[in-house]
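Peer 1: Protein chains in written order, with the working numbering: chain A, 177 to 569; chain B, 177 to 569.
What the hints contain is simulated information worked out from the structure, not anything from laboratory work. Keep in mind the model is a prediction, meaning the values are calculated, not measured. Possibly wrong hints are sitting among the right ones.
These stretches of chain B come out as covered by chain A in the derived footprint (C-beta under 8 Å, 3 or more residues) [claimed, not checked]:
| hint | region |
| --- | --- |
| 1 | 205-217 |
| 2 | 426-439 |
| 3 | 477-489 |
| 4 | 550-559 |
Computed spacing ranges between beta-carbons, pair by pair [unchecked claim]:
| hint | chain 1 | residue 1 | chain 2 | residue 2 | range |
| --- | --- | --- | --- | --- | --- |
| 5 | B | Ser495 | A | Gly255 | 38 to 44 Å |
| 6 | B | Asp452 | A | Trp384 | 57 to 63 Å |
| 7 | B | Trp384 | A | Gly225 | 36 to 42 Å |
| 8 | B | Trp384 | A | Gly323 | 49 to 55 Å |
| 9 | B | Ser435 | A | Asp204 | 46 to 52 Å |
| 10 | B | Met491 | A | Gly225 | 49 to 55 Å |
| 11 | B | Arg547 | A | Glu407 | 31 to 37 Å |
To give an idea of the chain B side of the interface with chain A (calculated C-beta under 8 Å), a few residues [claimed, not checked]:
| hint | residue |
| --- | --- |
| 12 | Ser246 |
| 13 | Ser248 |
| 14 | Ala251 |
| 15 | Asn266 |
| 16 | Asp273 |
Note that beta-carbon positions come from the ideal geometry of N, C-alpha and C, so glycine has one too.
Spelled out, the chains give:
There are 2 protein chains.
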Amino acid sequence: MAGKKNFKVAVIGAGMTDFGELFHQSYDDMIVEAYRNCLKSVDKGIDEGDIQAAWLSTVQGSLIRRELISGSSLAEPLGLLSIPVTRIENLCASGSDAIRNAACAVMAGIYETVLVVGAEKMRDVPSRASLVANRGIMSHLWWHPRGATAPMVFGQNGTAHMHAYGTTREHFAKVAVKNHRHGVMNPHAFYRVEITVEQVLRAPMVSWPLGLYDCCPTTDGAAALILTTPERARQYTDKPVFLIGTGLGVDVAHSHLRSTYTEWPATIRAGQEAYDMAGVKSRDIDVAELHDCFTCTELITYEDLGFCEKGRGGMWIDSGGPCFGGEKPCNVSGGLKAKGHPVGATGVAQACEIFEQLRGEAGQRQVSGARLGLTHNIGGAGQLSCVNIYSNQ
Amino acid sequence: MAGKKNFKVAVIGAGMTDFGELFHQSYDDMIVEAYRNCLKSVDKGIDEGDIQAAWLSTVQGSLIRRELISGSSLAEPLGLLSIPVTRIENLCASGSDAIRNAACAVMAGIYETVLVVGAEKMRDVPSRASLVANRGIMSHLWWHPRGATAPMVFGQNGTAHMHAYGTTREHFAKVAVKNHRHGVMNPHAFYRVEITVEQVLRAPMVSWPLGLYDCCPTTDGAAALILTTPERARQYTDKPVFLIGTGLGVDVAHSHLRSTYTEWPATIRAGQEAYDMAGVKSRDIDVAELHDCFTCTELITYEDLGFCEKGRGGMWIDSGGPCFGGEKPCNVSGGLKAKGHPVGATGVAQACEIFEQLRGEAGQRQVSGARLGLTHNIGGAGQLSCVNIYSNQ
Numbered sequence: 177m178a179g180k181k182n183f184k185v186a187v188i189g190a191g192m193t194d195f196g197e198l199f200h201q202s203y204d205d206m207i208v209e210a211y212r213n214c215l216k217s218v219d220k221g222i223d224e225g226d227i228q229a230a231w232l233s234t235v236q237g238s239l240i241r242r243e244l245i246s247g248s249s250l251a252e253p254l255g256l257l258s259i260p261v262t263r264i265e266n267l268c269a270s271g272s273d274a275i276r277n278a279a280c281a282v283m284a285g286i287y288e289t290v291l292v293v294g295a296e297k298m299r300d301v302p303s304r305a306s307l308v309a310n311r312g313i314m315s316h317l318w319w320h321p322r323g324a325t326a327p328m329v330f331g332q333n334g335t336a337h338m339h340a341y342g343t344t345r346e347h348f349a350k351v352a353v354k355n356h357r358h359g360v361m362n363p364h365a366f367y368r369v370e371i372t373v374e375q376v377l378r379a380p381m382v383s384w385p386l387g388l389y390d391c392c393p394t395t396d397g398a399a400a401l402i403l404t405t406p407e408r409a410r411q412y413t414d415k416p417v418f419l420i421g422t423g424l425g426v427d428v429a430h431s432h433l434r435s436t437y438t439e440w441p442a443t444i445r446a447g448q449e450a451y452d453m454a455g456v457k458s459r460d461i462d463v464a465e466l467h468d469c470f471t472c473t474e475l476i477t478y479e480d481l482g483f484c485e486k487g488r489g490g491m492w493i494d495s496g497g498p499c500f501g502g503e504k505p506c507n508v509s510g511g512l513k514a515k516g517h518p519v520g521a522t523g524v525a526q527a528c529e530i531f532e533q534l535r536g537e538a539g540q541r542q543v544s545g546a547r548l549g550l551t552h553n554i555g556g557a558g559q560l561s562c563v564n565i566y567s568n569q
Numbered sequence: 177m178a179g180k181k182n183f184k185v186a187v188i189g190a191g192m193t194d195f196g197e198l199f200h201q202s203y204d205d206m207i208v209e210a211y212r213n214c215l216k217s218v219d220k221g222i223d224e225g226d227i228q229a230a231w232l233s234t235v236q237g238s239l240i241r242r243e244l245i246s247g248s249s250l251a252e253p254l255g256l257l258s259i260p261v262t263r264i265e266n267l268c269a270s271g272s273d274a275i276r277n278a279a280c281a282v283m284a285g286i287y288e289t290v291l292v293v294g295a296e297k298m299r300d301v302p303s304r305a306s307l308v309a310n311r312g313i314m315s316h317l318w319w320h321p322r323g324a325t326a327p328m329v330f331g332q333n334g335t336a337h338m339h340a341y342g343t344t345r346e347h348f349a350k351v352a353v354k355n356h357r358h359g360v361m362n363p364h365a366f367y368r369v370e371i372t373v374e375q376v377l378r379a380p381m382v383s384w385p386l387g388l389y390d391c392c393p394t395t396d397g398a399a400a401l402i403l404t405t406p407e408r409a410r411q412y413t414d415k416p417v418f419l420i421g422t423g424l425g426v427d428v429a430h431s432h433l434r435s436t437y438t439e440w441p442a443t444i445r446a447g448q449e450a451y452d453m454a455g456v457k458s459r460d461i462d463v464a465e466l467h468d469c470f471t472c473t474e475l476i477t478y479e480d481l482g483f484c485e486k487g488r489g490g491m492w493i494d495s496g497g498p499c500f501g502g503e504k505p506c507n508v509s510g511g512l513k514a515k516g517h518p519v520g521a522t523g524v525a526q527a528c529e530i531f532e533q534l535r536g537e538a539g540q541r542q543v544s545g546a547r548l549g550l551t552h553n554i555g556g557a558g559q560l561s562c563v564n565i566y567s568n569q
């Protein structure tokens, strides 16, 4: 019923900051740098006055830093005070959902050219208040004193998958090894160092079956994207990329209320909506950026998105399928694991990677002949999942 | 450049909870009640399965209660787990901006029938942590220890308007008196009691020139709206209302950085965008719901939206222009002042009032012959302003 078959919005520019510990940059500084890099990527140039509306994705501002982040937090540092700016806050899926809402406004014909920015400043708070420890956010909620931090919640799924399908910690570790290897090729990545399966397995345990190297880092960073109509796109570039499908799946917040621990129904729903809208199948995808907040998340997502059969995630990584040079490279950017996970920026940065891949501009990490790309972005404990599909045609 | 002339999205249902101190209801309870009232208002009936996507507007969840409010916070209590739900958080303008984003998705043809819900549970925190005192939100920010609470920030504009145009505290008081008189007619209003100008002037001073009765109350409440295409609307009702224009204005967050204290540039921009999109002028508006977080805010907004000439707000209320039975009744619902201001719900509840007015179903407080209605919803200290225009044709 829902979903438009001829959904098509052009991406004409994409830019980001380096991801990492950006103590030398303020929140505003990061936004300005991502925006400038985005403007620079528009090869035929763009007049800033062409931007008619914007969407900002930020999560932690309210939750941890308790600031009044809103549309003006984007408009002010960029001097874009004459245009509307909506703030989307849908947990870690905010960035992809901001792109989804911005694309709807372009498809509606309300605005022609629009900006999406995601930004998060996470390293300025002590690690006890980080999203991983969750103390800053959830310390008063009933499940936190019982140990339900993010690694514990996602680790449950990993454990269930091991039990149901014989998946091993080595399988999860291979996701980390792969993404670190990819991250070495990405100048924007937080960690540009290879690690071994042995190192992952010997790292301190955080929450079974996830050791320290199975977890993505707390990260600062920002990313920006400019969308427009396919018609207008040719004015700005000869190499537009097109968003051709978008899906957002929702589920109950608490995993103990779900019927399954071995998949994320929100991801399955988001994938179906996006594939249907784009008119493509999972097998058509050439390159994907997946939400590897933890190694087990990426492995289970292979199955949820149909990249491999149910229960075969471990075998698929054994085969090298999601590796650079493999059947369907996943997280060539390094993913959340090595590139970093500044939550509100993550979904937008995934789109930046796919933009470069589909234009053939990803340099050393270019996936040869990539035509169709997918981004997958989870929010909360898997209660939100946003899938966007891009094409270069 | 921006703005589509043939913008038209139908509203087929609108419902809300009573606004007030809802200690007997949880956040989920309020959402369920507003949603059920909304479904009931669809006169030819609606199958819940027709709803293809939703938007949730909530502000305080993250800022004060520090909870992980997201799309699942709406989907879960309503059992709507098979559809996407975006959360919009654009300060007190979130409700109207959620309607704006939902309407774009309908105009884009991505979804046909969609739900918008705004909800806020504000009375469960002690008043020192309220939005008025701001201690829960901004206690660590540089401007808070210097006294920059909401009444102080908006009071600056009142003071500047008094100085520039000879406006008096009596003028502001008349806004409170009017809205309390209107509120008596609204069964959903928090305060259903008349007050006098004398009572307003003698009330304890909060921040010059705003006394206690110049300030809206901290409130619990929820409101819901169902949007669809004009074509599909006839299946659900013979009396649809249409959203025909929407504008969102943005400004710098701190008023000392603005060029003026006697108007809100964000409101002026939002009004222009909405009027242009709707193809109407301010003089065409029959009934309006304005953001009277403080009495001076409503009075200055008369001018920002062109309901009277610049500087004549005081004279206009003296003339009875914005009163029920007057030239252009404003806040017939009681407004934020008497109906209440559960921040995330406010913009959606404004739309509920206009929906009833344009259908001729507002009972005792019906504005005779109302055809065009406007809602105005400020965020922060005036750095955001969203204006939506509705027609019954």
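Peer 1: Against this structure, judge whether each hint is valid.
Peer 2: Going down the list of hints, with the structure as the test:
1. 205-217: Violated: only 0 residues of the region 205-217 of chain B have a Cβ under 8 Å from chain A.
2. 426-439: Result for this restraint: holds, n = 4.
3. 477-489: Coverage by chain A is violated for the region 477-489 of chain B (0 residues, Cβ < 8 Å).
4. 550-559: holds (count 3)
5. Ser495/B / Gly255/A: 38 to 44 Å: holds, 40 Å
6. Asp452/B / Trp384/A: 57 to 63 Å: Holds, at about 59 Å.
7. Trp384/B / Gly225/A: 36 to 42 Å: Distance hint for tryptophan 384/B, glycine 225/A holds at roughly 41 Å.
8. Trp384/B / Gly323/A: 49 to 55 Å: holds, 51 Å
9. Ser435/B / Asp204/A: 46 to 52 Å: violated, 21 Å
10. Met491/B / Gly225/A: 49 to 55 Å: violated, 38 Å
11. Arg547/B / Glu407/A: 31 to 37 Å: This hint holds: roughly 36 Å between Cβ atoms.
12. Ser246: holds, 5 Å
13. Ser248: For serine 248/B, the interface hint holds, since the closest Cβ of chain A sits about 4 Å away, which is under 8 Å.
14. Ala251: holds, 4 Å
15. Asn266: holds, 5 Å
16. Asp273: holds, 5 Å
Hint compliance for this structure: hints 1, 3, 9, 10 are broken, all remaining hints hold.
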